[in-house]
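Trainee: Given next are the chains, with one letter for each unit.
There are 2 protein chains.
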Amino acid sequence: MITESENGTTVFDVLADDAPKKNWRQWLIGRPLQTADAPKQTIGKAIGLAVFASDALSSTAYATQEIMIILAVAASGALQYVFPISLAIVFLMAIVTISYEQTIHAYPSGGGAYIVARDNLGELPAQTAGAALLTDYILTVAVSISAGVAQIVSAFPEFYSYRVIISVIMVLFIMTINLRGVKESGVLFAIPTYFFLITMVATVIVGFVRYFTGSLGMVVNPPEFSVIGTIGVVTPFLLLHAFSSGTSALTGIEAISNGITAFKEPRSKNAGITLIWMSSILATLFLSISFISGKIGAVPSEIETVISQFARTIYGGQGVAYLALIAGTAIILIMAANTAFADFPRLGALHAGDGFLPRQMTFRGSRLVYSKGIITLAIMASLLIVVFQANVTRMIPLYAIGVFLSFTLSQSGMAKRWWKSGHLKPGEELVEPGSTIHYEKSWKFKMVINGFGALCTFIVMIVFAVTKFKDGAWVIVILIPIMVTVFFGIHHHYKRLAQRLSLDHYKNSIRVNRHRILVLVAGVHRGTLAALAYARSISPDVTAIHVSTDPMESEKVRQKWELFGEGTRLVVLNSPYRLLLEPVLDYIEKLLTLRGPNEVLTIVVPQFVPSHWWENLLHSQTALMLRFALIFKPGLVILEVPYQV
Amino acid sequence: MITESENGTTVFDVLADDAPKKNWRQWLIGRPLQTADAPKQTIGKAIGLAVFASDALSSTAYATQEIMIILAVAASGALQYVFPISLAIVFLMAIVTISYEQTIHAYPSGGGAYIVARDNLGELPAQTAGAALLTDYILTVAVSISAGVAQIVSAFPEFYSYRVIISVIMVLFIMTINLRGVKESGVLFAIPTYFFLITMVATVIVGFVRYFTGSLGMVVNPPEFSVIGTIGVVTPFLLLHAFSSGTSALTGIEAISNGITAFKEPRSKNAGITLIWMSSILATLFLSISFISGKIGAVPSEIETVISQFARTIYGGQGVAYLALIAGTAIILIMAANTAFADFPRLGALHAGDGFLPRQMTFRGSRLVYSKGIITLAIMASLLIVVFQANVTRMIPLYAIGVFLSFTLSQSGMAKRWWKSGHLKPGEELVEPGSTIHYEKSWKFKMVINGFGALCTFIVMIVFAVTKFKDGAWVIVILIPIMVTVFFGIHHHYKRLAQRLSLDHYKNSIRVNRHRILVLVAGVHRGTLAALAYARSISPDVTAIHVSTDPMESEKVRQKWELFGEGTRLVVLNSPYRLLLEPVLDYIEKLLTLRGPNEVLTIVVPQFVPSHWWENLLHSQTALMLRFALIFKPGLVILEVPYQV
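Chains as they are written, first to last, in the numbering used here: chain A, 108 to 752; chain B, 108 to 752.
Among the hints, erroneous ones may be present.
To be verified - From the derived model, a few chain B residues whose C-beta atoms are all more than 10 Å from chain A: (1) Gly460; (2) Gln467; (3) Phe495; (4) His600; (5) Leu610; (6) Arg618; (7) Leu725.
To be verified - Only pairs whose alpha carbons sit at most 27 Å apart, straight line, appear in this in silico DSSO-like list of lysine-lysine: (8) B:Lys663 with A:Lys602; (9) A:Lys602 with B:Lys532; (10) B:Lys152 with B:Lys371; (11) B:Lys548 with B:Lys532; (12) A:Lys667 with B:Lys602; (13) B:Lys551 with B:Lys577; (14) A:Lys402 with A:Lys376; (15) A:Lys740 with A:Lys697; (16) A:Lys663 with B:Lys376; (17) A:Lys402 with A:Lys371; (18) B:Lys551 with B:Lys376; (19) A:Lys532 with A:Lys376.
Said to hold, decoys possible - For the chain A half of the interface with chain B, some residues (derived, Cβ under 8 Å), not all of them: (20) Pro139; (21) Gly634; (22) Phe671; (23) Tyr684; (24) Leu725; (25) Gln728.
What the hints contain is simulated information worked out from the structure, not anything from laboratory work. No experiment lies behind these values; they were computed from the predicted model shown. Don't be surprised by glycine CBs; every beta carbon is placed ideally from N, CA and C.
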């Protein structure tokens, strides 16, 4: 297609539609997809539960254990508080669920904390929520994978010393899967989630039957817990501390509100029902595990998880049923990591689209996924796993604070929204980028619900930060403000750049009046002459520069230049300190001070191009170093004329 | 100075003699030195001994222990062989000394193994000798520093677990000293060497006096040697193995032959006498230590060195005299590492000067030292120390094989040289690059001596390689051929490059007939227009290229281009796979196939220059990627027009 426009500019449209060539990368992540191939499938409630619940449900695998670890330090009798604390957490879970239920109906096109905060509270809260969520996704991957591997090494203790490397390999495996692009709507997701659900529900039922028939014994050979009972008293601080650890059960509850668009119509209703189901199952399983674990005298341990003790006590050994539950738990944990791999890049792209993260994060790779975000997440999570040696308990203090910060901001945003909705006239509409606000009759009631949710999650966040400050929460307390500052720094850069590059009020076009050229000459050879020919083709004003560190060599250069230099002026810079770059920089500096308006200076560097990349190590990279040294000087262009050897 | 040459080329001589600016690097390594500042001082025999003997003498600190370690594995009674084996090593030492005595007189301007092999045997033996020596210098640093630190931790066992980090810090410290440039001729070197000599000789004398008066007891609380006596029999292989370990005593004996030019006239005579002195002292100390250590029942150990046991038994405790000897030993070992820091970069520069290593290794840094060689050595030695956890015994199997290979090649070269000398007429001279060969009456006798030296060192090398093959000698057996291959690969590259760049038979000068320019346009802004102006200033044939991944964005670009493009042709490349680089590469590929002779294609890439380097992370580096992708295409220049934001 050729379009001839009125003012003489010709526009050619070339369709470069040949698919990219095959290579190792295609073998790893699959053939490229066209932009038009983006999937548009939607899912029902049963599959929706499987897709979005893995993160939330998987926390049943470690939440009980984390409460126990804190209590066990105080006194062995303190473990009786596990169940009451679990009840309090389930109460909090109910509040958060009801709050999110309202969000889902208000934001049918997806209402993650970032969007809700951005639309209702402004940039600073939105960036804070985003920073909290991004750190949280990284921790989700690290914690879930570590906890999954902990299940595996509970069943096979001979792998205990390999847990870090197994975890990292798993992260890289999930990264690869995600770089290929996972169809979230797949039945693939339903199988492991329902497998976990069935095995876990079955175990719980068997457990209760044996408990009520009195045939449920205690854990046989429980693992040792070395610091048990060292404090001796149960303080309110300790109970709050244990409660904080248990709140990790709430992570992942927000997942459905991000993904409403994936549901079949009526979207909000389907998503809302799925959320209720998810929370009910989560609460039931969590309470059951906490209750039975208390009755059987399970002991928190790094070597064997509470889930493993729970399962082998209920089934009276490590048979097939035990292994099925351990496998199901490990798989659901790995699926939870996978959820973070879906959410982190998408949130990153939202930030980047708003100009708060590098724009490259909005580019979709050959498989239509945000590859850069996926790789970033994998690297950060792997680092965490290595630093914390795949120890879940040591990562928990960093974990839930981000979740509760985003809950608080999201619910506050919703409360503000209901307040705005209450100030509209019936029938009136307020169109905002994310969603449209209608008048809502029961706005006061809904505002109170979301406001109460915000308050509760805020209090929990403070409790968490205070009780776990020393254990690592301080890292997040410092990190989130730093991240927000960086985000605004990036935003400032893009805004300023757009301003500086803007063509509004752009009048006089740039004219080049004089074009001076310097050719760097280390020796006189075919490469130099190619560069000289190039220089002379673009301007008649050419000077050759030679830095002399050895008078004998320089004399040779002079003689050869007389023969081959075609009369071009040669300037020899003597360098008694054997420096190569600095004399050139000095000379250029002097030229620049004498420069007239609209005068351009171009430095031409002859560059050999060897046949193999490693041969570059055998030559000094003068052009590269000049570029670094001169990049900040305006009106100066450095160009290499390659000479293929 | 301005010279006007006959054919119109003007030559300006500019003295860029301002000393470089102050920065952290100057603070660390001192103010720069001019090329003319190179030192020309010479030294006498007493200082010469101190400068060149530290490497050789320092091996007395570990050679005895290394023999013991091998024997102790067999049976505790096997330690009676330590002294006979030491005698055999001293015999070998005498042969090598006499051989090198002849080299010193034949090569008054310095006759290291590399030069002797190059001048008499050819390139392959020379490169082999050089590769052997370079690996050997790296090992000298690693072994000497590790052994020095082992002495320190023998006296202060609480530092045992920090030995690796202490060793690495010491390597970096010596590196810094050498980057500042050490005046080898300094009295500074004499103090520690003579301190060691005095304390060691005194200890040996006290030891003998106590032995002959019968007051010398056994080692009190000897350290444990866990694997003692596991084999039970003393085989000939075991004796050869122990002998091989002890030959580490010979390392460093060649140092004087490299540094003859540093001596006062008559150079060869002074250097020769110094060599005899050095060998005599080395032999005496080594035999004494082996003898007394045997008598007192010293036990080889990683925790406490034999020297430490030897000293505390002779002095009856860990008093001042003990500490003085330990300090002297530690210091001489560190000085030995320093010798390698002087020799490695100099040998590297010799290789590089002959075109067998990257030319950059011949550049002298601001302090007139070969900085790149010094840094390379420090990195390699630190790596070795970390890998071998500063364990001398584990490094010894890699050590002496290179030394004996270079001895063999050096002595063979000398033998060949005597043979050539014998075939000259009396009074006739054969001028060679390194030295002049005269007729020598007693050439047969001298040839036999060097030939015998070559044979002995060759046999020892084979014995060493066989007995220590499994322990690590295989690494060197593989490494040296690889290094030689790489050296020749580099040489081939430089030779081929010189040939390709040569102006011999160069006739038709390069002419540029047509100069086409492509300007990459991602968006239309001030940066793009600056690039367009630059492009139009160098050629009228300009095409703008825009890759379209988003039709809406592209439409904006088209409209703006009509306003600001000054009528320049715009080509829009549609990219359904969202690739940015590949469509441009395809387009360039097509242009190149249509190109006429002497036609040049220049790609102009507008490049923002942000005020801070980190802001570059916020932009895709298109120019950089294009450069990588297109570097091998001839007649193509890529240039960035920077736009300072």
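Trainee: Each of the hints needs a verdict: does it hold here or not?
Mentor: Comparing the hints with the structure gives:
Taking the minimum C-beta to C-beta distance to chain A, about 12 Å, the non-interface status of Gly460 of chain B holds against the 10 Å cut. Look at Gln467 of chain B: its CB is around 6 Å from the nearest CB on chain A, not clear of 10 Å, so calling it non-interface is violated. For Phe495 of chain B, the non-interface assignment is confirmed: its Cβ lies about 23 Å from the closest Cβ of chain A, beyond the 10 Å cut-off. Look at His600 of chain B: its CB is around 5 Å from the nearest CB on chain A, not clear of 10 Å, so calling it non-interface is violated.
The beta carbon of Leu610 of chain B is not kept farther than 10 Å from every beta carbon of chain A, the shortest such distance being approximately 6 Å. Here Arg618 of chain B does not stay apart from chain A, with its beta-carbon only about 7 Å from theirs, under the 10 Å limit. Separation of Leu725 of chain B from chain A is inadequate, the least Cβ-Cβ distance of about 5 Å not exceeding the 10 Å criterion. Using a Cα cut-off of 27 Å, the hinted pair Lys663 of chain B and Lys602 of chain A holds, with the two alpha carbons roughly 19 Å apart.
With a C-alpha separation of about 87 Å, the suggested pairing of Lys602 of chain A with Lys532 of chain B is violated against the 27 Å cut-off. Simply put, Lys152 of chain B and Lys371 of chain B have alpha-carbon atoms about 8 Å apart, close enough for the 27 Å limit, and the pair holds. The hinted pair formed by Lys548 of chain B and Lys532 of chain B meets the criterion: a straight-line CA distance of about 10 Å does not exceed 27 Å. At roughly 20 Å between alpha-carbon atoms, Lys667 of chain A and Lys602 of chain B fall within 27 Å of each other, so this suggested pair holds.
Between Lys551 of chain B and Lys577 of chain B the alpha-carbon distance is near 40 Å, which puts this suggested pair outside the 27 Å criterion. The straight-line distance between the Cα atoms of Lys402 of chain A and Lys376 of chain A is roughly 39 Å, outside the 27 Å bound, and the hint therefore fails. For a cut-off of 27 Å, the pair hint linking Lys740 of chain A to Lys697 of chain A stands: about 13 Å separates their Cα positions. Proximity of Lys663 of chain A to Lys376 of chain B is assessed by CA-CA distance (about 40 Å); at most 27 Å being required, the pair is judged violated.
Proposed proximity of Lys402 of chain A and Lys371 of chain A is contradicted: the alpha carbons are some 43 Å apart, above 27 Å. Proposed proximity of Lys551 of chain B and Lys376 of chain B is supported: the alpha carbons are some 22 Å apart, at most 27 Å. Restraint check: the Cα-Cα separation between Lys532 of chain A and Lys376 of chain A comes to about 26 Å, which is no more than 27 Å; the hinted pair holds. Interface restraint check for Pro139 of chain A: the shortest CB-CB distance to chain B comes to about 5 Å, inside 8 Å, so the restraint holds.
This hint holds: Gly634 of chain A has a C-beta 6 Å from the nearest C-beta of chain B, less than the 8 Å allowed. Here the hint on Phe671 of chain A is kept, as its CB sits about 6 Å from the closest CB of chain B, short of 8 Å. With 8 Å as the threshold, the beta carbon of Tyr684 of chain A comes within range of chain B, its nearest partner Cβ sitting at about 5 Å, so the hint holds. The interface hint given for Leu725 of chain A holds, since its Cβ lies 5 Å from the closest Cβ of chain B, which is under the 8 Å cut-off.
Hint on Gln728 of chain A is violated. Least Cβ distance to chain B is approximately 10 Å, over the 8 Å limit.
Of the numbered hints given earlier, the model fails hints 2, 4, 5, 6, 7, 9, 13, 14, 16, 17 and 25; all others are met.
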